[in-house]
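Residue numbers (the numbering used here), protein chains in the order written: chain V, 1 to 164; chain S, 165 to 546.
A few of these clues could be false.
What the hints assert, rightly or not - Some residues of chain S that are not near chain V, with every Cβ distance over 10 Å (derived):
#, residue
1, His251
2, Asn298
3, Gly434
4, Ala484
5, Leu490
6, Ala492
7, Thr503
Claimed, not checked - The calculated DSSO-like cross-link candidates involving lysine-lysine, where the alpha carbons are at most 30 Å apart (straight line), are:
#, chain 1, residue 1, chain 2, residue 2
8, S, Lys284, V, Lys30
9, V, Lys47, S, Lys440
10, V, Lys30, S, Lys524
11, V, Lys43, S, Lys440
12, S, Lys517, S, Lys502
13, V, Lys69, V, Lys160
14, V, Lys41, S, Lys284
15, V, Lys30, S, Lys267
Bear in mind the hints are in silico, worked out from the structure with no lab data behind them.
Predicted model, so just to flag it, every value in this text is computed and none were measured.
We put the beta carbon where it would ideally sit given N, CA and C, even for glycine.
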Amino acid sequence: MLINMGQKLKVVETEKTKEDGNWFYSDVVKDHFFNPRNFLKDKNAVKDYDGYGDVGNVLCGDRMDMWIKVDKKTDKIIECKWLTWGCASAIASTSMLSEMITENSGMKIDDSLKIKPIDIIKRLGNLPKIKYHCSVLGDQALRTAIYDYFKRSKQHNRIKEGVQ
Amino acid sequence: MDYAATTYVDPEVKKEIDSYFTERFGNPGSFNYFGLEAKNAVNDARNRIAKILNADSDEVIFTGSGTESINLAIKGVARALKTKGNHIITQKTEHHAVIDTCKYLESNEGFEVTYLNVDKYGLINLDELKKVINKRTILISIMHANNEIGTVQPIKEIVKIAKKNNVIFHTDACQAAGYLELDVKRLGVDMMTINGSKLYAPKGIGLLYLKKGVPIEPILHGGGQEFGLRSGTENVPGIIGLAKAIEISERIKKTECKRLSKLRDMLINGLQGKIKNVMLNGHTKTRLPNNANLSFLGVEGESLLLHLNEEGICAATGSACTSRNLEASHVLLATGLKTEAAHGSIRFTLGRKTKEEDIKKVIRVMPKMVETLRMLSPIHVD
Ligand code: FES
C-alpha cells in the first residue's frame, strides 16, 4: 500500500526529537539533499583541479570524493566538486560545505581549514544527533583535498603535522 | 509498502473489539458479570485460534507481543531444562528477539548457543544442523520465514531432525502467519510464536502455541493468568482481535498468496528490468509472497527511502545508515552480502491494500531516483 499518499514527509523537530536521534530532517537539509549543489556531474571531466581528497566514513562505511580548484593569487577556493555515497545527511552536509567555501567569490584556504562539522550542522538547521558523524565526512574530504593541493603546489610548510 | 513492519487493524477486527474497550470492559479474573463476560470472550477466542492451529485450547498462551512469546519460549524452556542440558541452536538471520534472548542466556545463565550459518539465499544447512546437535542440546529455534528477505526455512525437515534427537523445537512464525501453514500438527512444532501487529490485529498482542508436556517456566510472575505461564491481566480486546484477525487471514490466505506473489514478481522483474545492477536478496522461489528485497548497487538505502517517501511510498532498508548502531543488517550480512550491497538494500513488503497501480508506480518512479543518487555516488557499479 502507499501510505502517506501525496503527503510529504513532515518535519517536526523539537528539542525532544533531536535528542531522540530520529531521522526527521530540517527543510534546509532536504533542500540540499533533493537539490545538491556543486556535485560532480561528469565523472570523466575531472582533469584540471588543484587538490583531490577521498575519505571513507569508518562509522557506517560510506565514502566521499572531493575536488577543489584554487585561485593562487588570492589563495581562495573558487570551485569545489564532490561525490558522496551515503545517507541524506552526508549528501546534504557535503553540498552545504561546498556552498560555504565557494560562495562570495570563494573562501580563503586558511579560513576553510577552520570549518568544523558543527559549523556545517548549524548552517543546515541542525541534524539529528545520530547523524552528526555524517557531516565529518565532508570536513575530512575537504582537508584532504586542501593538503593534496599543498603537496602539489609544494607548500609543504602549510601542512600541519598530525592533522591528516 | 512496509507491511512487514506492521499492519493496520482490519475494519472487521476493529468492529468486533470496539465494545470491549467501553461497554464490555470486564477483567476476566473478576467474579462478576463483566468479568464473566470477558472470561467467556477470551475462552471463545482461545478456542477459535486453537481450532485454526489444530491444537487444544490450553496449548494457546496469550502474551503481549511476538517478542514476549519468543522470550517465554526460549528462556522458559531453557531454564526448565537446564539440568538436562545447556545447548541451544538457532541461526544467524533470526529476529533480534531470538538472537538477543539467546545472547542473554549465553552471557548470564551459562547456556551455549550455536548460531547456524545460512547460504546466500538465507537457508540453513540441514547437515550442519545435524552435526551441531549434541547430548546437551535442549532447544532449537528457527524462524519460519525471515522478516527482511522473506526466505522460508524448511520447517518440516528441521522438525524431523529435532524429533529424532529428542530436542524441543520452537519457530518464530510472526512473518509467516498470514501466508504459510499454521497447522501445528502438520508442521510438527512444539512451540510457535505469532503476533497480532503483522496480521491486521491490534498491536500489543502475541501468542505462543505450547504443546502439552513441553517443560517450561514462566518469565512473568503474579496473578497466574494463562495457565500460570503469563501473569498479568489479559488484553481482552487484543485477544479477541487476534482471533478474528487469524480467522480472516486464514479465510483469504490462498487468494492473497496468489495475488501478492504475482504483484511481488511484477515488482522484482519490473525494477530489475528498468534499472541496471539491481540484485534480489533472499530466495527466488522459497520466499514469502509479499516480500521483495532488492539491492540497488552504488546507492545508499536511506537516501533512496527519502526519495520514495517524497512519492508517498513507504519501504525499509538494511543500510548501516539507518540502524542505531550504524551496522548494516545482520540478515543481509549473514547471507554473505557485502556491506556495500547491504547499504543499497530496499525492502518492499506488500499487503492487503497493495494494488497493481502501486507496483506500477514504484516501477515508474524508481529509475529516476536511482539514477539521481548514482550520479552523486563515487562508486561505479558498471
Ligand atoms: S553516511 Fe551513513 S549515516 Fe550518514
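Inset, instruction - Tell me, in ascending order, the numbers of any earlier hints that this structure violates. - result: Those not satisfied are hints 4, 5, 6, 7, 8, 12, 14 and 15.
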